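Protein sequences appear in the order of chains A and B. Here the first sequence stands for residues 1 to 378, numbered as in our numbering. Here the second sequence stands for residues 1 to 725, numbered as in our numbering.
Keep in mind that the hints were calculated from the coordinates and are not lab data. Owing to the predicted nature of the structure, the values given are computational and were not obtained by experimental measurement. Glycine included, C-beta positions come from ideal geometry on N, C-alpha and C. Among the hints, a few may not be true.
[Claimed, not checked] Heads up, simulated DSS-like pairs for lysine-lysine below, C-alpha to C-alpha not over 27 Å straight-line:
{"#": "1", "chain 1": "B", "residue 1": "Lys175", "chain 2": "B", "residue 2": "Lys238"}
{"#": "2", "chain 1": "A", "residue 1": "Lys293", "chain 2": "B", "residue 2": "Lys143"}
{"#": "3", "chain 1": "A", "residue 1": "Lys164", "chain 2": "A", "residue 2": "Lys38"}
{"#": "4", "chain 1": "B", "residue 1": "Lys65", "chain 2": "B", "residue 2": "Lys233"}
{"#": "5", "chain 1": "B", "residue 1": "Lys391", "chain 2": "B", "residue 2": "Lys442"}
{"#": "6", "chain 1": "B", "residue 1": "Lys180", "chain 2": "A", "residue 2": "Lys293"}
{"#": "7", "chain 1": "A", "residue 1": "Lys293", "chain 2": "B", "residue 2": "Lys161"}
{"#": "8", "chain 1": "B", "residue 1": "Lys95", "chain 2": "A", "residue 2": "Lys293"}
{"#": "9", "chain 1": "A", "residue 1": "Lys148", "chain 2": "A", "residue 2": "Lys328"}
{"#": "10", "chain 1": "A", "residue 1": "Lys148", "chain 2": "A", "residue 2": "Lys35"}
{"#": "11", "chain 1": "A", "residue 1": "Lys148", "chain 2": "A", "residue 2": "Lys230"}
{"#": "12", "chain 1": "B", "residue 1": "Lys156", "chain 2": "A", "residue 2": "Lys293"}
{"#": "13", "chain 1": "B", "residue 1": "Lys412", "chain 2": "B", "residue 2": "Lys442"}
{"#": "14", "chain 1": "B", "residue 1": "Lys590", "chain 2": "B", "residue 2": "Lys388"}
[Unchecked claim] Some chain A residues near chain B, calculated using beta-carbon distances under 8 Å:
{"#": "15", "residue": "Thr198"}
{"#": "16", "residue": "Ala274"}
{"#": "17", "residue": "Gly284"}
{"#": "18", "residue": "Val285"}
{"#": "19", "residue": "Ser286"}
{"#": "20", "residue": "Arg297"}
{"#": "21", "residue": "Pro373"}
{"#": "22", "residue": "Arg374"}
[As the list claims (entries may be wrong)] From chain B, some residues computed to sit far from chain A (all C-beta separations above 12 Å):
{"#": "23", "residue": "Leu53"}
{"#": "24", "residue": "Asp487"}
{"#": "25", "residue": "Ser511"}
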Amino acid sequence: MGLFILRRVLTMVLTALCLTFVVFFMTNLYPNLEKLAKSEGNFRMTDVEVASWLSQNGYRSPVDPDLLAAYRSGQIESEEASRGINTGFDVRLFRNYAEWLGVMPGYVIETPSGAVNARCQAPGTALEDAPNFCGILQGYWGFSSVFKDTVGSVIGTRLALTGKLMFWVMVLMVPTALLVGVLAGMREGSALDRSLSTFSITSTATPEYVSGVIFIAVFTSSAVGLKWFKGSAASAMDDANFQNFFLPVLTIALYGMGYIARMTRASMAEVMNAQYIRTARLKGVSFRNIVLKHALRNALIAPFTVIMLQFPWLLNGVVIVESLFNYKGFGWTLVQAAGNNDIELLLGVSVVSVIVVLVTQLISDIGYVYLNPRISVT
Amino acid sequence: MPEACIRHAPKSPEYLNQEAGDTPCSGDGIMTETYDGPILEIEDLSISFFTRLREIPAVMDFSVKVMPGEAVGLVGESGCGKSTVALGIMQDLGKNGRVVGGTIKFKGRDLNTMSREELRRVRGSEIAMIYQEPMASLNPAMKIGRQLMEVPMIHKGSSEKDAFERALQVVTDVKLPDPKRILNSYPHQLSGGQQQRIVIAMALMAEPSLLILDEPTTALDVTVEAAVVELVKELGRKYGTSMLFISHNLGLVLETCDRICVMYSGEAVETGSIEDVFDQMMHPYTQALFRSIPLPGADKATRPLVAIPGNFPLPHERPPGCNFGPRCDYFEAGRCDAVSRVPMDSVPGDERHRTRCLQFREIDWNAPPANVVVKEKTEPGRPVLSMKGLKKYYEVAANSLFGGSGATKVVKANETLTFEARESETLAIVGESGCGKSTFAKVLMGLETATDGTILLDGRSIEDIPIEKRDPRTVADVQMVFQNPFDTLNPSMTVGRQIIRALEVFGVGASDADRRERMLTLLDLVKLPREFAGRMPRQLSGGQKQRVGIARAFAGGARIVVADEPVSALDVSVQAAVTDLLMDIQHEQKTTLLFISHDLSIVRYLSDRVMVMYLGHVVELGTTEQVFAPPYHPYTEALLSAVPIADTAVHKKRIVLEGDVPSAMNPPPGCPFQTRCRWKDHVPDGLCDREVPPVRILAEGHQVKCHLSDADFAAMEPVITLAAE
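Build the full structure now, drawing on both the sequences and the hints.
Spelled out as structure tokens, the structure:
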């Protein structure tokens, strides 16, 4: 078992490296960097100035010195110079990725003006005190340009808020979905099955941005008049209660619930038609015990994987619901980071997402082994 | 679904009548032990399944009586309603099934009128059932012990400790090694034979009065089957349990039962004691059934099998009058089809021997079968196929699921096969699952290449040429008839198109019209109507599909045809016809037939030479006479003893092999058969444990792989003897 987990962790690290590299590549495309340079430096920079700013801040390889000199001395026009700038792929990307990871020393670049830009130098400290390496591995996640705070602390607080939301979603969604699925599947074709199946299909077919809006309209607004809940969950960040927190939880849970219930129902219905259930029935086992003792464990093997797959997928739902209910969690942060071209924060968010996905998959595999005696890892 | 049949049952008028009158079944469900009438009494039982279109009668007017301690066999082909009877007794007919008439009395109480709660108490404690597929009938996610202990805990309210003690005792009773370990394992960790023993143990946990066995050994190997049957008989005697034994195998019923009931198309056609039915049969179907199965004494040249003409009628297409009428040799138009239903009638002088035939008093039952064509025997010609020292090894990773860190193991699927097969000869290859007979076929076909050794086809060596590199002539020369005709035809292509496709691959015919003509003659050859060319496989019955498979195999004028259990998936009455067809074509085209089978009766009937395989080794090879008479290889001896023979005149020596066939992944050292051999102690110095026996020539063309001395071989007695008339 230990060896199995070790092997899986190694695969996970490899997968994480690949995925983060893809995100790193996308966020470091030239147009993004150009926007960054203009917002950090000044909005009136010419193309050549942008390129030179980027190279001095370690984002790109140095601009051709001849071109720069020719431009600076006015020998060539701005437009002609900008044609000479590389805006496509830059091999420096690999080095930047390694620096970001923390496996290569951070850059130290001397600008022509004499100042020194170093990746690891925190503002207001001496260059000599800065560490050689500063990346994810050293715990340095970068600095968020939107929140004016370190990415680590932004993600920490936001993730805790979303964790609270996800916990309650799971508490509501999983037991309800399993119950609905098992009840529907144990007597295939019965009236109970049909009504529960209709419910599951309806709930899966209604995405959060539809159900959320409906809930807000019905239960919080004066349009219908049922002012049972609050339309904003902002207050739930500090003090969550039923009134301000139930609607966002329900909105996310409903969508996933139908899906899990459908899976559980299909699995349960199949198990209930299996020969060993007939064996149990003809052994004189009561219907209740057939369902609880004989069918349930076999029927839960398939939905278990689905439930674990819901975790990463919940991150999606969280983006919509958090924006809808103004709950400033992880999803909301992602929207902010993406909308404001906050590269370091985006990278941090993606690393966390990748880890969440991979860890839930590992848990899913291990749990599967325990549920299904036919699979053994030893 | 129990609630479903309960929901339907009260609708039947019988229930209402009885409900108003008496209350005998409202007790606590446990009968007093003083009851001495029949354990099970079924009278005029009719069961129907209801679909949206129509009512389909599955069982009609069925009666049977099982006395205490008696074993009754229920015999018939698939679809005749025998399993429906079993489920009817259990009142577990599913949503669509319903008892529409008659009574099923268990110890005098009608099961049809019992409440769900009462039924639950009878099931498992008083009536227990053993099923066809042991793996599917055990809960995969529950330990064996739990599944066994459940029975006394439900029915007797036993404590967990008592239940465990009982489980341990029963598991010991069914002769499983290391009962404690078995109780603590999951079903998938046991072999098929062990699983079936667990299912039997589960049925015996509550010491039921009636045991229903639904084809309990169909999925098992013959030697394992023999051991399981022996066990069931022994336990039946020990516990005094009555048994209802459902099977399609007449031989098995002869060995296990006191009485037999033959079913055809939803009706019982003949019931009586084993001796009555086997020796003085009084129904044309019973007679036809016996004539279509190979018994000792049958011979393909002088006493061929007689196939039952026609097909089994579908439940909603039954003919008027006698159901068997259209296929019956004695059919009289205007008489057999004039009545709406033929009633059951007692044979004079024997109250309990009954038959459903209008003419049984007039038919001369001892007349030899009419229209038997005696064929001359063909002489084998020159060798076509020659194998020398063929070996096929597979390498498997010890743990392939999660990436291999363990050492790879070598599975020796075929170990030094050496033999020759001649023109128009039938060579049977016999052995149980895992003996390497399918691997051998794959290597010959070119689906795998040999590890070592040579295969010469007409002098050309083909062992290293995979099928995709063989030229069309070689491909057409070596063809195969597969075991399961249901899976081997493309479901979305017409029959004619599939045969033409084979002709194209084999490079037969110059134009499309040519090939179409050839395809039609092939259909003639396999005795299918030419209209079938435009049919889809799903419109054909199993036997017809297998005929298409045969036509395809012979399409390119094959020199060698490998028939891998070609009839084992078919019904008994169809088997004879397909076997006959295969023999006829072989006879005509002088093909070499390699007949792979585990059924020694059919092998004895049709083959010229027999090769017996065990764990990849050829343990015996000789002519059919040599192999079926002593001296035997010890494995052949056990195999012969294991095959059930449906003839009361045959006496068999009982040799029951212990345990299962060892895994090919982990074969025993020395002789492959030493773990189960009953002759092992005749060989001194533990030679069997150490060395693989050499090939010994016992007579011209008869070879055996065994360490036994010549004296031991000479002392062997025949396993099968025909009693003197």
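Status of the hints after comparison with the structure:
Between the alpha carbons of Lys175(B) and Lys238(B) the distance comes to roughly 14 Å, so the proposed pair stays at or under 27 Å and holds. The hinted pair formed by Lys293(A) and Lys143(B) meets the criterion: a straight-line CA distance of about 12 Å does not exceed 27 Å. Only pairs whose Cα atoms come within 27 Å are accepted, and Lys164(A) paired with Lys38(A) is rejected, the gap being roughly 38 Å. With a C-alpha separation of about 19 Å, the suggested pairing of Lys65(B) with Lys233(B) holds against the 27 Å cut-off.
For the suggested pair Lys391(B) and Lys442(B), the alpha carbons sit about 12 Å apart, so the restraint of at most 27 Å is met. Taking the CA atoms of Lys180(B) and Lys293(A), the gap is near 22 Å; set against the 27 Å cutoff, the hint holds. In summary, the hint linking Lys293(A) to Lys161(B) is supported, as the alpha carbons are separated by about 19 Å, within the 27 Å threshold. Taking the CA atoms of Lys95(B) and Lys293(A), the gap is near 23 Å; set against the 27 Å cutoff, the hint holds.
A C-alpha spacing of about 16 Å is found between Lys148(A) and Lys328(A), which places the hinted pair at or below 27 Å, so the restraint holds. With a C-alpha separation of about 18 Å, the suggested pair Lys148(A) and Lys35(A) falls inside the 27 Å cut-off, and the hint holds. Between Lys148(A) and Lys230(A) the CA atoms are separated by roughly 30 Å; this puts the pair beyond 27 Å, and the hint is violated. Among the hinted pairs, Lys156(B) with Lys293(A) is consistent with the structure: their alpha-carbon atoms are about 19 Å apart, no more than 27 Å.
Of the supplied pair hints, the one linking Lys412(B) and Lys442(B) holds, its CA atoms being roughly 14 Å apart against a limit of 27 Å. The hinted pair formed by Lys590(B) and Lys388(B) meets the criterion: a straight-line CA distance of about 23 Å does not exceed 27 Å. Given the 8 Å rule on beta carbons, the hint for Thr198(A) is violated: about 21 Å separates it from the nearest Cβ of chain B. Below 8 Å, beta-carbon pairs count as interface contacts, and Ala274(A) has one with chain B at about 7 Å; its hint therefore holds.
Among the interface hints, the one on Gly284(A) holds; its C-beta lies about 4 Å from the nearest C-beta in chain B, closer than the 8 Å criterion. Look at Val285(A): its Cβ gets to within about 6 Å of chain B, closer than 8 Å, so that hint holds up. Hint on Ser286(A) holds. Least Cβ distance to chain B is approximately 6 Å, under the 8 Å limit. With a cut of 8 Å, the hint placing Arg297(A) at the interface with chain B holds, because the nearest CB-to-CB distance is about 5 Å.
Hint status for Pro373(A): holds, given a least beta-carbon distance of 4 Å to chain B, under 8 Å. Because the closest C-beta pair between Arg374(A) and chain B is about 5 Å apart, less than 8 Å, the hint holds. Every CB of chain A lies more than 12 Å from the CB of Leu53(B), the least distance being 18 Å, so the non-interface label holds. The beta carbon of Asp487(B) is kept farther than 12 Å from every beta carbon of chain A, the shortest such distance being approximately 21 Å.
Residue placement check: Ser511(B) keeps its beta carbon more than 12 Å from all beta carbons of chain A (closest about 51 Å).
In summary, the numbered hints that this structure violates are 3, 11 and 15.
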